[in-house]
Amino acid sequence: MSSPTLPSRVFMNGNSQAVRIPQEFRLDASRVEIRRQANGDLVIHPLPEDRGEALLQALSGFDDEFIEALEEGQREQPPMQEREEL
Numbered sequence: 001m002s003s004p005t006l007p008s009r010v011f012m013n014g015n016s017q018a019v020r021i022p023q024e025f026r027l028d029a030s031r032v033e034i035r036r037q038a039n040g041d042l043v044i045h046p047l048p049e050d051r052g053e054a055l056l057q058a059l060s061g062f063d064d065e066f067i068e069a070l071e072e073g074q075r076e077q078p079p080m081q082e083r084e085e086l
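All residue numbers for the sequence shown refer to the UniProt record's numbering, where the first residue is 1 and numbers rise by one.
Everything labelled a hint here was simulated from the structure, so no lab data went into it.
None of the values given here were measured: they were computed from a predicted structure.
What you were told as hints is all true, and nothing was included just to trick you.
The following label-pair restraints were derived from C-beta to C-beta distances:
{"id": "1", "residue 1": "49", "residue 2": "70", "range": "21 to 29 Å"}
{"id": "2", "residue 1": "4", "residue 2": "58", "range": "31 to 39 Å"}
{"id": "3", "residue 1": "73", "residue 2": "5", "range": "48 to 56 Å"}
Don't be surprised by glycine CBs; every beta carbon is placed ideally from N, CA and C.
All chains should be modelled from the sequences, with the hints used to inform the complete structure.
Right under this line is the structure:
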């Protein structure tokens, strides 16, 4: 099933070109990522609002074995060096 195609308007907003997005396609985001495909089509993706959420999404690709190895490495830290105060 393909998604509907709706006409829209392109206009200038200051020095930038803008596209009016129809209500049916409204985005629940204040920032987006835009890329141009080889055929010239523009693809718009909403960006996560919370950088922490973006980090969690990026880290979700690591398996449990990798995370356990990182945690093990943190437990084996050398003792803190004692230094004179500045």
